[in-house]
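Residue numbers (the working numbering), protein chains in the order written: chain B, 65 to 314; chain G, 30 to 159.
Derived from the structure by calculation, the hints contain no laboratory data.
Be aware that a few hints might be false.
As the list claims (entries may be wrong) - When the alpha-carbon atoms are kept at most 25 Å apart in a straight line, the in silico DSS-like pairs for lysine-lysine are as follows:
#	chain 1	residue 1	chain 2	residue 2
1	G	137	G	159
2	G	137	B	154
3	B	208	B	189
4	G	137	G	120
5	G	145	G	120
6	G	35	G	119
7	G	32	B	181
8	G	137	B	161
9	B	138	B	244
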Amino acid sequence: MSENNHVNEQELALAKEYVSMLESGNAEAADNILAEITDMRESQLFNELGRLTRDFHETLNSFSSDDRFETLAKDDIPDARERLNFVITKTSEAAHKTLNSVEESLPLCEALEDTLKKLDEEWEKFLSKEMKPQEFRELSIVIKEFFNASGGDVKAMRGNLNDILMAQDFQDITGQIITKVITLVSEVETSLVELVKLGSKLGMKPDSSEKNKKAEDKDVLAGPQVPGLESETIVATQDDVDDLLSSLGF
Amino acid sequence: MNKDMKILVVDDFSTMRRIIKNLLRDLGFTNTSDADDGQTALPMLKSGSYDFLVTDWNMPGMTGIDLLKAVRADPDLASLPVLMVTAEQKKEQIVEAAQAGVNGYIVKPFTAVTLKEKIDKIFERIDAAK
Numbered sequence: 065m066s067e068n069n070h071v072n073e074q075e076l077a078l079a080k081e082y083v084s085m086l087e088s089g090n091a092e093a094a095d096n097i098l099a100e101i102t103d104m105r106e107s108q109l110f111n112e113l114g115r116l117t118r119d120f121h122e123t124l125n126s127f128s129s130d131d132r133f134e135t136l137a138k139d140d141i142p143d144a145r146e147r148l149n150f151v152i153t154k155t156s157e158a159a160h161k162t163l164n165s166v167e168e169s170l171p172l173c174e175a176l177e178d179t180l181k182k183l184d185e186e187w188e189k190f191l192s193k194e195m196k197p198q199e200f201r202e203l204s205i206v207i208k209e210f211f212n213a214s215g216g217d218v219k220a221m222r223g224n225l226n227d228i229l230m231a232q233d234f235q236d237i238t239g240q241i242i243t244k245v246i247t248l249v250s251e252v253e254t255s256l257v258e259l260v261k262l263g264s265k266l267g268m269k270p271d272s273s274e275k276n277k278k279a280e281d282k283d284v285l286a287g288p289q290v291p292g293l294e295s296e297t298i299v300a301t302q303d304d305v306d307d308l309l310s311s312l313g314f
Numbered sequence: 030m031n032k033d034m035k036i037l038v039v040d041d042f043s044t045m046r047r048i049i050k051n052l053l054r055d056l057g058f059t060n061t062s063d064a065d066d067g068q069t070a071l072p073m074l075k076s077g078s079y080d081f082l083v084t085d086w087n088m089p090g091m092t093g094i095d096l097l098k099a100v101r102a103d104p105d106l107a108s109l110p111v112l113m114v115t116a117e118q119k120k121e122q123i124v125e126a127a128q129a130g131v132n133g134y135i136v137k138p139f140t141a142v143t144l145k146e147k148i149d150k151i152f153e154r155i156d157a158a159k
């Protein structure tokens, strides 16, 4: 600022001199003063242009010298893509393993439930002394068979529960991978902010027609909602969906 | 409501298809088939005399909303009850589905109770309209 004030004073002094030369009719001296003022303005402009060029050059140099951008684009981002694909594979495998175990166990549970219900009915009959000796002999065979079969069934269910337990190990690996990708995204963000800063220093402005492109792009579905990132156009719960639908006459 | 009715479950993720089919089985509906997107589902619906369609929205090939519109535009399928089970919960999308003639709309993640409630409600209305 002090430099600017100084320059202004200098210009002011020259301008006053210019006016007095014109008034006294000294055209030659007046022309010289005018030329001096023009020179002064031009040198200011060149200085400013020089400073910008230097800044630009230095920033470009700093980007190319740490070659972080190149690594990000050539290696890190494709690498992150691979890792995220692996997360999809692992989570899908875990879900299928769990579903397999559940689908194997459910019929065993149902069979166990049915047999228990039948045995309970028979046992009630026995307790209320409505059972004939021959029926009791048959019942004792059924009970023995039940013991034999259910031992195996329970063992199978225990195995299935163990498989479900082990299928949860995906969480550890996928958690680590996702944490790495989050770090990478933060790094890309920092680099982009640097680029935007450089751009605005050089007077570049974002194209406003691109600005709202994301909001207007209707072909891209919004997808699942994430807690903490809800927006006003989103209904939060099933109850809200029901309310909205009933307001539409459903 | 007929527990033997033929149900088609459409979702691009096989885990979700399995979950929905298991939940339906638990509710007593065992006559279920599945498809991974609208393009696969539509010919099945046309030739298969299904009684009920449960579909996701966001799928490659043909989306659930396009499948719903195609079903409503086909004179043989127009009256097929359709339940949407989707992660899409933008107001305008729900309105779009309603306007396209959806019978029920469930947002993911959902519970077995919600699924039962919506299916009950859909068939109560259909039975009441008869």
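Violating hint indices (sorted, rising):
Violated hints: 1 and 6; rest satisfied.
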